[in-house]
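**Student:** In this text, residue positions in the sequence shown follow the UniProt record's numbering: the first is 1, and each later residue adds one.
Worth double-checking, as some hints may not be accurate.
Taking CB as the label site, the calculated pair distances span [claimed, not checked]:
hint : residue 1 : residue 2 : range
1    : ILE115    : THR81     : 27 to 35 Å
2    : PRO112    : LEU66     : 19 to 27 Å
3    : THR81     : SER22     : 30 to 38 Å
4    : ARG98     : PRO124    : 17 to 25 Å
5    : TYR9      : VAL74     : 15 to 23 Å
6    : GLU25     : LYS99     : 31 to 39 Å
7    : ILE23     : LYS65     : 26 to 34 Å
8    : GLY82     : ASN116    : 26 to 34 Å
9    : ASP26     : SER68     : 22 to 30 Å
10   : LYS65     : GLU25     : 15 to 23 Å
Taking lysine-lysine pairs in the DSS-like style, the calculated list, with each CA pair at most 30 Å apart, reads [said to hold, decoys possible]:
hint : residue 1 : residue 2
11   : LYS65     : LYS123
12   : LYS111    : LYS65
13   : LYS111    : LYS123
Note that these hints are calculated values from the structure, not bench results. We put the beta carbon where it would ideally sit given N, CA and C, even for glycine.
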Amino acid sequence: MDVLIISEYPLICTTIRNTIVSICEDPKILACSHPQASKLYRRHQVKHFWSQGAPDLILLDTDSKLSSERDIEVLCSQLYTGSLFEKGGRLVLLGNDRKLGDVFGLECLDKPFSINQLREFVKPQLKYVREVDLRKLAS
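Full structure from sequences and hints, please.
**Tutor:** Here it is in structure tokens:
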């Protein structure tokens, strides 16, 4: 299970990381801020970190102090279309920006969220990733 968490808030990154570790075996988790995420492909960090060259699950926090709303829309578009790095993972939004979720047809976990809400939200995402992995193995 390969996960990318894009958020400027360390508490959110830590909470998500701990939740995923508690329900998933041996995940590879990379957390970064919005500006860092747009530069990941340049540093080839993604290909070195994940064996498939792209994460299975991308959690994008739509709240930011460092990036404008437009910058986050562009980043979301790049992640959604696969122009930032190989498409293959599932993109999920964290925050209260329902408009952005509606534009791309993405799931959104509203903030603030509890650990239990996060766990219940992430479990189906992990199930989806496992199904995709099984299909890759079968082909």
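**Student:** So which of those numbered hints doesn't the model satisfy?
**Tutor:** Checked against the structure, the hints that fail are numbers 9 and 10, while the rest are satisfied.
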